Structures are given as structure tokens and as C-alpha cells.
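Residue numbers (this note's numbering), protein chains in the order written: chain A, 1 to 377; chain B, 1 to 156; chain C, 1 to 371; chain D, 1 to 155.
If you're looking for bench data, these hints aren't it; they were derived computationally from the structure.
As the structure is a computational prediction, the values presented were derived from the model and not from experiment.
Watch out, some of these pointers could steer you wrong.
[Unchecked claim] Here are the simulated DMTMM-like pairs of lysine to aspartate or glutamate, each with C-alpha atoms no more than 20 Å apart in a straight line: (1) B:Lys62 - C:Glu55; (2) C:Lys35 - C:Glu51; (3) B:Lys6 - C:Glu212; (4) D:Lys83 - C:Glu5; (5) B:Lys6 - C:Glu200; (6) A:Lys351 - C:Glu200; (7) C:Lys165 - B:Glu36; (8) D:Lys150 - D:Asp95; (9) A:Lys186 - C:Glu5.
[Stated by the list, open to error] The following label-pair restraints were derived from C-beta to C-beta distances: (10) D:Glu43 - C:Lys298: 55 to 63 Å; (11) C:Ser14 - A:Ile278: 25 to 33 Å; (12) B:Glu65 - D:Gly142: 30 to 38 Å; (13) B:Pro16 - D:Pro136: 44 to 52 Å; (14) B:Glu92 - D:Phe149: 29 to 37 Å; (15) A:Ile200 - B:Val109: 36 to 44 Å; (16) B:Met12 - A:Trp155: 55 to 63 Å; (17) C:Gln18 - D:Asn129: 22 to 30 Å.
All C-beta atoms, glycine included, are put in the ideal place defined by N, C-alpha and C.
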Amino acid sequence: MTMISGLMLWRLVVTCVYLPTELIGKWISDMINWGLDLLFHLPAYTVEFLALNSKPLLQVLILPGLAFVLVFAIIAVWFERKFLARAMLRVGPYYCGKKSGVLQVFADFLKLFMKEIIVPEGIDFLFFAAMPILVSTVPAMALILIPFDQNWVLWDIGSLSMPMFFAIAGLAPLIPIFAGWAANNKYTFIGAFRVAYMYISAEIPLVLCGAAVAIMAGSFDLLKIVEAQKSMWFAVPQFVGFVIFFLGVIIEAERTPFDIPVAEVELVLGWRTEYSGILFGFTMMAEYVLFQAWSLLFITLYLGGFNGPNIFGNITLSHIFWLLVKFVILVVLIILIRCVFPRLRLDQMLKLGWRYMTPLAVINLALVLVMKLGGIY
Amino acid sequence: MSFLKKLFKPFMVVAPYVLRNGQTIGFPTERPIFSERFRGRHRLYLDRCVSCNTCVRLCPDKSIELVEVEGREGKFPQIDYQTCSLCGYCVEFCPKSALEFTDLVEYSVTDRSELIYSPERLAEVPDIKEVLPMLKRRTERYLTETEIKSRTVEEL
Amino acid sequence: MSEPEIKPDIMRMSWGPQHPMSGQTRILLDVDGEKVHRIIADLGFTHRGIEKTLENRTFFQGIIPIERMVMADTANIGLGYITAIEESLGIEVPERANWIRSLLCEMGRINSHLYAFGLQAEATGYFPAVFLWTTTDRTVLLKLFEELTGARWSYNFSLPGGVYKDLPEGFEAKVIEGVHYLRRRFEDYWTAMVENAVFEARCDNVAVLKPEDAIRLGATGPVLRGSGVALDVRKDEPYAAYADLDFDVITEPACDVMARTKVRFKEIGQSLRIMEQIANEVPGGPVRTRVPLIPRSKPGEVLSRVETARGEMDVHMFTDGGSNPYRVKIGSPTLRNMYVFERLAELDEVLMADIPVVINSIDPWYLDSDR
Amino acid sequence: MSGVSEADLAEKVKAAHPDLVESSEVLRERRVSVTVKRDGFLEVAKSLRDDFGFIHPVCGGAVDYPKESRMQMIYYLLHPGLKVILTYRVNLPRDDLRLPTLTQVWEAMSFHERETHDMFGIEFEGHPNMIPLLIPPDWRGGYPLRKDFKGEGVE
């Protein structure tokens, strides 16, 4: 103990004993008053709160927000297992949930929840555990930019919406790289570098095609892009861009012809090898969130977003309906591709990315410029 | 353009497979019909066996042993299913054909010593309903034009 | 295992026994980035000392351990030992038994090749369609095995002196129906696998093994025939009923992984042709000659060769007059192919993502190489 | 393949190295057996490969004769053209089991030699990579396939 003089001792006693009691007393009384007041006015508060911002609350919780992401992840996992099972001439999850296996996904999540999280030695646990949570939430942020209807955009930042989407979705690949590095294991290390190779070669063609669509629509705002496609979807004039973006979606979502970072055959599970328990559950969910974000962008850019005949009377409802229909068809098609094609090698995928997709994206951009200046479209 | 053909042709061939229903059997509730030569668990006829020791000498895995049975004189084979590989020598070359195969395969146990079947246990074979209580149907597999179908033969 | 030393700035990856791709063995890869410099196969995880057990088993009892060496096609493996016993003891085999043995061998070959396709599809990236088609289509063959022999996998149906029992009545019609069904199925396999752009990209000119290298390194079976060398024991030294069955030996000039897959495809076509011939023209007559259950042998030695699905298996049996063989030397096809696999890293540039595809083009069965 | 070619093949091998080759006879159709003394082992092997065309190595193994206190090492070679298997043997006294390695002649024999070294204890001089093949690395026991093996390595 270092030497303390008498005066400091006295001052210490005063600060430690007298002041807190006086402060704490005032603080507790305020708490009590606030609680009583709230309790008394609670019904009025909630009603007023709900009335004021019911729509954003609905958006955040239900449609482009939390429920949409979770429900899609759950249904997609179940659907993919049943769908692939049929391609493999078998039945798929059968016993949970009366022969349809619907509860299988909940059973899996519960099992993962119960499982012990095995942490390898000599790693920084906080960094290691943060990655799976980040990898499943960051792509979900990109969803809020997708327009579901004229005024149904959660984060309406006008002409900044497409670049912001690319920024957030571009951030998503960084996290597996950190996760691979954090797990201190040879397989994850190589898996992490494969993620890096793959995403760089896939991002550039995507951004170029996005720019081409923006030029044709006249603005970077996703809402205006969708309105520009009222008469004709952009997939028709920009077919080259359409094909490249479709391949881009499969690459970004790490679906089968390109799920090279998580190649179970060689790398055990790529960057996800060292995760177990609920952390592994998050990485499993992350795969579907990224897939959802990119395919929704693909629909807004090329397949005319929420345009569609007004069949429900209420225009918003039918717009949302059309967007979800296109989304389901696209998801089924991409899952079907998983039944048919094996996995490409990394160098073949890079060759595809750099030698074919990037030049074609530039050509597509040139074509669009020619169309735009020539006034054809 | 052959590259594009190689992309779309497998797609068109494999994609319709998704519309078929599965060709697997739901095990505990369904059970296939086995052929009559099927090699399942043995059945011992105590009165036929003359304890001539042929099966003990012939068994490649040395899993048969002659054991006393109270109430009868002479020794009778006791089969240890931990090492028996169901090769069928004891059934084929028994001079009195006292051993034969049944079509019971579900004899997994939790405690290994239960796998050593005494002659009495070999003599009586439990009915399939006791072994598999959840069994509902016996199915038979047959080939159609493009897939293997299963047809319910016997509703239990 | 004292492993060979590692060169600087090269990472040694170990695809141990607990790796989704490696089966029951450990493969050490010296990897620089994605390029593989050196492959070291560390076998012996499933060594059960079969050659030692055979020395204290009688001739009849020895068939069971040998048939467990390769579970995929037990008929071919068991036949190697049985023909050796028959030759050394001078046992005559009736004509009909020979034909039934050939039928079993060919059904085992198709079963084993189907198993190889399943693993090959799984190795090129989880390719659910073909991987589980093979499992479903194998039930046709397993049903035929079960009807003929009573067991689905490890049926020891042939014995010194012939075969257990005769064909059940109506069996030939079932065989022909199975052959037609499998032929239709293989059109789908061909388009789904060989004519699949991504599968072709993964398999074309990968791990090329030139014919003179294949012979020099002692490759065998589809690996050798995939490099254009027509060596097939069924044609060179006909055993069972292969002398009077007409089929042709398949070779592919391309020498790469795709060629080996095509060789297996066409060999299945030939096996189906053989099965049809046997089902139509199997001669009548007895099925087994009386043989003492524990025969005594004459001093001497016999070397018998058999063409299994993975290659040529040689059984060299020395007998000293006792009821047990004195020494049985088994030349296993997988051990020879595993050496070729080790040298492939130097013969042709192999990437790390190719290793699973190359291993499965060689179709190893580690219980066979470890004996 | 007419039987004649095997007989004259055996004769030619005997004629080529009269002093080194102890015996070379035809066991059966397509089976030629050549037994060689230890010192001429490598030289005859090279000539078998180069001028007699046995370029396809099949496998290699040993047989233990404790009563005659000798061990016989056998290499199996296939002639791709004549489709004849030649068993190339050498007898070794049981107390001094040394043999020049044949990986210089047929590279594929390296696995078989490693296995024979594990099982019988024959020393192959000059083998590039002599580490145990089938035996676990921490094996302390004797050589399993020898006739006088009593299971020492197994606790």
C-alpha cells in the first residue's frame, strides 16, 4: 500500500461515504416517480406510440426486417433439404412434424443451441465468437435498402441506395476472412483466403453491371430504377448484364457451382470448420441471409422489382406480392442448380471471374451507353 | 456452343427428378420382404441336433461352442453373434440340418453379453411384431420403366 | 510415422483418417498455396493381418477373411483364393458353376463401379443427384444378390468345387429385367456426369498418366486401361466362364481422370452384356462337386490371377501338405494404384482442389491395400 | 501364347547369366520362375527389365522357411506383350537378411519392399524412403509374418 497523507484520507472518506448517499437518494426517488407516472399513463403512451410510427415498426419487425429474414432462413433450409432429397430419390426430413419434416429445422436449431461451443486453444475468444454473429447480421442490413413499394422503403436515402447496398454487401466477405484467421487452423486459413480471392473477382463485374442499370434508369436510386422498368424489364435490353449478375448472385451467395470457400471435400468446412453449437448455427443462417439480400437486389435491378398488375385492389399489397413471387421463383431456380452441377475449382472460378465476367461487364456498360446516347431506349 | 449444350442438357435431365417421390422405405414403420434364402438369425432344432461338432470345427470365426442344456442330454451349439459373420457353413454342412436361417436381422442389443445366444434362445425365434412394435407394413420393391417402386404387400 | 522432412516455405497439410475425403487412410500433402508439390500416402490404418490369419485357417475357412478385404465386390476377391485352392488341390468345377461364378463377378463389378461413381460425384463437390442415384440403383443388384445367395454384401457363394446352390427358378428373367433397367439408368448417368460442363471442367486433363508411366509404375485396372493399355486378366488368362463369353476390353486414349471415369462407364456396359449372355445361355448340369470339408493339400505353390473391379489381384499360395496353407501372398490392386497416386504429383501438375477427384479416379479401397 | 515361348524364355534367361541364375523353370503355362544368387541379384534384374521386357511390376513378398533356416524374397513381374508372370526369387540365409533394393530397377517396388521390411525384417539397402508402411510407428514387437512370431509387439 502506498503512503496516504491524512488530508487525502479525509477527502477519500467524504467522497466515498457522503456524496453517493446523497446522489443515490435523489436518483431513487426520481425512479419511483417515473415508474408511477409511466404505470398510470401506460395505456395512453402505447396507443399514441403505435399510432405515431406504426408503419416503420411494421417494416422493421415484419417485412424487410427481422421476421422476413428469419422466416426465409427457416423455410429455405427446410425447402432445400426436401427439394434436394427428391433429386436424390429419397424423402428428406420425415419424422419431425407429421411426415413433412417441417419441425426438423426447429429441432436442428434447438440441438445447436444445446450443443457445447468448443473453442480451440490459443485464440482470442471474443474475436472468434463475434464473427458468426456479424456474418449473419451485416448482410441483413443490406435488406433495408430494397424498395418493396413506392413508400415501402425502410431506409429511403434517395440516389445513394444502390452504392450503399454495394458498400454493405461488399463488407460481408471481410467477416469470413477474419473468422478464418481467428480460428488459428490450417483449413480455415486456406478457406479464408479462398473467400478473399472469390469475392474480389466477383465484386467488380457486379458493380459494373449495377452502374449500367443505373445509367439506363437515369439514377442510382433503386426506387427510380424500378419505376423505369415499368414498361420493359432491364433484363431484356441488358441481357449480357443479366447473365453476369445472375452468376454474380450465385458466387456471392456461395451456392454450389461456386461454394469453394466451404468445400467440405477438401477443407472440411472452410472457414466454418472450428465453429460448433449456436455459433455454427449462425454461420448456417448467414448463408441464406446473403443469398436473400443479393437475389432481392438482382430482382430490383433486372426483373422489374415490385412492378406487376394490381390484383389485390390495394396497390401496395400486390406490389409486395409480385416481388415475393419473383423472389421465390429465383430461389427455387438457384437451389435447383445445386442438384445438377458439382463445384468448380478456385482457379477456374477466378478465370471465369476475371477473363469472362469483367470484360463482358465492360462491354455491357458500353452497349448501354450506346443505347442511352443513341436514344434507342 | 457445345459448352452451352453441356450446361443445359444435364439441367434438363436432372431437374425433372425433383418431381418424383422418394424411393426409400420408412424403416421402423415399413420392412422389406426378404427372399427365402435370406441369411438372418439362426434357428436351432434341438431334437435334430446330435452334437457331432461339425459346425464348431467348420466355423471360420470360431463363434460356435457346444453347451449343456438342462433337461436334455448331449451338448448343443451356442452361437456368439459378436463374431459370427453369417457365412452359412454351419447351416450348409450340418449333416442333420439342425440349423437354418431366419429373416430376422434386428437383433442389436445394448449389452454385448446378450449377443451370445444360448441354444434355448436359438430354438425359439420371436415374432417380428415383438421385435419391431412400430411395424405397420411389409413392402416389396419392384422395377418400373424408370424407377424402383415399393408396393405394400401385407398390412400388419 | 517418421515423415520425410519438409522443405522450407511449404505447408504440410494432413488429410488424416478423420477427414471427409480421405477414407481410412492419411494423406500428407506438401502444399504451396494451391499447388501440391508432394503426396505421401500413410497406409496401414486398417491392417488386419489377413495373410497371418489365413495361415491358421483351413482352406474353407480362409475364404471368409479374404472376401472381407474388398466389401464392394466380394465375388471377385473370393474367387482369387478359391481358384488357387482348386488348382493346388486339383478340384474339378462343373460348367454351370463357372457360369454362375462369372455372373456373380460381373454383378459385383457393376456394384463396385457404381460405388466408385458415387464417391467420384461426391468428390467433385457435393453433387447430390448422382451421388445418391448410385445408392438407389445398387438396390437392384443387392436384391439380385440377396435372391441368389441370401446375403447382400458379403455373400460367400462360391466354394472350392463349385457354388453353394443352384439359381432359384425365374432368376434369369429377373436378371434380364435388372439389366434393362440399369441400361436405361446409365443414359441419365452419362448426361448427368460425363456430359456435364462443370464435371468435365473438373476432370478434363487432370492428373494425366501417360501409358509408359502407367506400365512403369505398375498401375492396374481402370487406371491402367484409362491410359490406353489393354491389360485385362479376364482376356489374358480366362478363369471361371470368361473363355466362352464375348466382351471386349475397354481402353481410353485420353489418360486423365475423365478417361478413367469413361472406362468404368463402358466396363459397366460390357458387364451388363455379359450378364445378359449368362442369363440367356447358362448351361445345365450339377452345381457342386463333392469336396472333403477339410481337405489336405499336396506340397507346392500356385499363383492365381483375378480381375477385380479395382484391378488385377494375385494370390500366391504355398502349401506344405497340411490342412492349412503354409503362406498366402496377396498382391492387392489398390496398393499398386496408391503408389501411382503418390507419383502423380510429380508426373502432372495437381492442385489441392483436385486431390479428392484424383483419389477417387483411382478408386482406392484401403482395406484392400492394408490387408 | 503357346507354351513354347515360356520354355525358351526360361532357357534364354539361364543362358544369359549362367553363373548367377540358380534355376529357371516353367511352373505352368504363363508362369516362369527364376531363382538367382544374392550377389547377381541387381544385375539380372536390370537385364530382365531391359532385354527381356518384364517392365510391369506386379508385387513383391517373402516366404519364411525356419526349418531350412532360409527366407525367400519373391518379386512378381508381368511381361505386357507375352502376358507371362515371372516370379524372380532370391534365397537369403535367415541370420543375414540384407538385399540390394530393386526400387532402382522397378520404382513401384518401394511400397512392397517397405511392407516386407515391416513383416519379415529384410533390410533393403539403398531404399529411398524406408519408413513403416502397414505397421504403426510405435510398434515395438517383432516381425509379424515370420513363422516364429509369438505376438511380442502386442501388450
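TODO: Find the hints from earlier in the document that the structure breaks and name them by number, from lowest to highest.
DONE: 2, 3, 4, 10, 15 and 16
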